[in-house]
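Okay, here's what each chain looks like letter by letter:
There are 2 protein chains.
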Amino acid sequence: MHLVVIGGVAAGMSAASRARRISPDLKITVIERGPVVSYGACGLPYWIGGAVKDANALIVHPPAFFESERDIRVRVNTSVDEILPSRRRVRLAGGEDLAYDRLVIATGARTATPPIAGDHLPHCFPFHTWEDAQRLEAFLRERQPRRAAIVGAGFVGLEMAESLLARGLEVSLFDRSDHFPGWRDEWLSERIQERLAQAGVALHLGQPVREIREGAVDGFPADAVILAPGIRPNSEIAASAGLALGRSGAIAVNELLETSIAGIYAAGDCAETHHLLLNAPAWIPLGTTANKMGRVAGANAAGRRERFPGVLGTSILRVCGIAVGVTGLSEATAREAGFRPVSATVEAHTRASYFGGEAVKVKLVADRNSGRLLGGALVGTDGVEGRINVLATALTAGLRVEEFQFADLCYAPPYATVWDPLLIAAQQLLKETG
Amino acid sequence: MHLVVIGGVAAGMSAASRARRISPDLKITVIERGPVVSYGACGLPYWIGGAVKDANALIVHPPAFFESERDIRVRVNTSVDEILPSRRRVRLAGGEDLAYDRLVIATGARTATPPIAGDHLPHCFPFHTWEDAQRLEAFLRERQPRRAAIVGAGFVGLEMAESLLARGLEVSLFDRSDHFPGWRDEWLSERIQERLAQAGVALHLGQPVREIREGAVDGFPADAVILAPGIRPNSEIAASAGLALGRSGAIAVNELLETSIAGIYAAGDCAETHHLLLNAPAWIPLGTTANKMGRVAGANAAGRRERFPGVLGTSILRVCGIAVGVTGLSEATAREAGFRPVSATVEAHTRASYFGGEAVKVKLVADRNSGRLLGGALVGTDGVEGRINVLATALTAGLRVEEFQFADLCYAPPYATVWDPLLIAAQQLLKETG
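Protein chains in written order, with the working numbering: chain A, 1 to 434; chain B, 1 to 434.
Extracted from the complex, chain A is given alone in its bound form (with noise of 0.2 Å):
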């Protein structure tokens, strides 16, 4: 038996050690286009930032590792041209080809290029993968520019507006849209605008980017122009090979991720899951569930019949200083999905303030109809992590309001207040919900 992994990051790697794991006697193959494998993206931003000093701290493992510790061979560098599932094989660059009895997709995603006039300046550069950031790296070292601009607040035009701010840039953000990524919502949005201002970015947003020039991104002075506007799913070659796509273009996967053709699994970014809220596929792309799935579909790949149940799109982010996490539905997502949400803001103390205790600002999200908790968002700088995952737990359980009103958390002044920031936004929502 012979088990092909193409794509050797987040999804790939869990998938191949996990597959090891659970069958010793398996043959596994992992193919990767890049020249690393298992390495930290999420890490990337940092790197340029200076938080990670070498870029080969993100790395988890080298090939080499794989190959003499668990037995998985490792090939980087390496393009797959062809899935051709009726003779189970794959068709790498150059011709070679590769029998599988079983293959897990895990190519991820790429920087979605907008239609930019001037987008492939030399002093643009797309932000996703471990070479685009060696390429910003080099540049930033060797040409010292003074002003950058970044295309896209998403995730990682976040991630950058900070490090790039920390390494005595001056920084512009530009976004064609308002609103954070993942949770549309105006009042995160603006507590996300008003740190960005007081940090010193410059904002530009709410209309696209209409062209980039060297030195200018629309009038504006920029030297150095970071390419962030968003990710699409690498799944052409998927789609080539017959494998059904998603409404999202992403691969489509049941609950054992397994995709239209018996022997192929997806998993992480090419790949839709299940949303647990809404019920429906849905393509939310993030290294935790890359991780996650990945391990599913190297169990499943190996002769397990595991289930991937889904996710809430729980994601957390730092912004200047400051996180920034939500979970499942903002109230335009909810409506758009057929609920009737409410939503309660408050703003409380993490813990006594002579422990150091700050203010976090919480905002709820519940359908009125059932009671039911839909989603929530958190921005501070202390604890907003552990209250982020106390939601997606408590969205994962579907549980009420009222139930969640008076949850058992813990108490003790140097880590809490007695009523948690979560309780009273709790409290204060329940009189929405009635």
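Honestly, I wouldn't trust all of these hints.
To be verified - Covered, in the sense of this in silico footprint (three residues per stretch, anywhere, with C-beta under 8 Å from a C-beta of chain B), are these stretches of chain A:
1) 45-53
2) 351-358
3) 380-392
Unchecked claim - In the DSSO-like style, the derived pairs of lysine-lysine whose C-alpha atoms are separated by at most 30 Å in a straight line are:
4) 27/A x 431/B
5) 431/A x 27/B
6) 361/A x 53/B
7) 431/B x 361/B
8) 361/B x 53/A
9) 431/A x 361/A
Hints listed in this document are in silico derivations from the structure and should not be mistaken for laboratory results.
Model, not experiment: these values are computed from the prediction.
Every residue gets a Cβ at the ideal spot worked out from N, C-alpha and C, and that includes glycine.
Following the hints, complete the assembly by docking chain B onto the known chain A.
Using the frame of chain A, we list chain B on its own:
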């Protein structure tokens, strides 16, 4: 209508304030035995230790605030001698009678003085109330003792160990048991003892203290002795009035926090509450529970019919700089309650090491029969409070380990790892539950 509240700390003032918000016309009187109301009793050890500079910072509001802003009459330094339910009166020390229509009993708890020879010597200090803390502080300031002995390794005893070390004293800690309060578990006790020993606390565990003399406890030098061997509910006044007590000796209440006599409610450390996992009454006196129960008792005394669902025994404690959090049942408690507990223990990082991530130790307990999570404990310097609350939420919802293992928790390098330590522990536990 006159609402009388006996006790003006956490539960009592919560009850009075909530009743006022619901019912502007109610006459409300709070009777408090001590000199201050609405103070954060849980902060008292941190005042002794110096983290809180001024004890007055622990007082949320002075009596005059409640009088002028909330129209709540507050009588401090006033004891209730007797409750006369048949005449709907309380008799104050000195003989004055006060008529009530609704009564909330929030008399709290007190140090359960152990029968130790010498425990009334002048260098011995029970530590529970505001006045206790004042007396100890004065002694420490005026006498400058060098060596402190703490009798009782409960919450207060452990917090006082840290505080007295911070004041430069040598500290020894005595307890008849060698288990962590509230969560009997050998693994957890070992972690705590490790930390105490590292911090320089001399441990004398596993046997009762026999004798306190001037300058020594059981022959070990001690110029000051803190008595914190445990607490018991102040329920005698309720019992004398004919109110039913529970098996714990605390006042029995139903989910509306009504006692066995109509019109009388009880809340906080003097009362039992419902344990959500044991599905039985339990006495788990904690500050956060007192506030929540007070809120509900106050609402119902003012005419509402709100339910207090119960508790999980969630708590967190700082032990010489590390956080120790628990929720739900330990294996020992679960076994006694008829479950078939299985557990898993892991140690994992809370975020990337380049973002200061540290290892946290996790123990999870589940029921082999149902697959449900039953409890958990965490020990570490970082992110314990958030993860304990995630577990508490999972327990509130009755999640099975299988449902929790893929919980969509947040990830970004500054805040988390791709696989949260809780999920790693859940995967480990799944191997046990099968």
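Status of each hint after checking the structure:
no.	hint	verdict
1	45-53	holds (count 4)
2	351-358	holds (count 3)
3	380-392	holds (count 9)
4	27/A x 431/B	holds (25 Å)
5	431/A x 27/B	holds (25 Å)
6	361/A x 53/B	holds (28 Å)
7	431/B x 361/B	holds (19 Å)
8	361/B x 53/A	holds (28 Å)
9	431/A x 361/A	holds (19 Å)
Every hint from the earlier list agrees with this structure, and none is contradicted.
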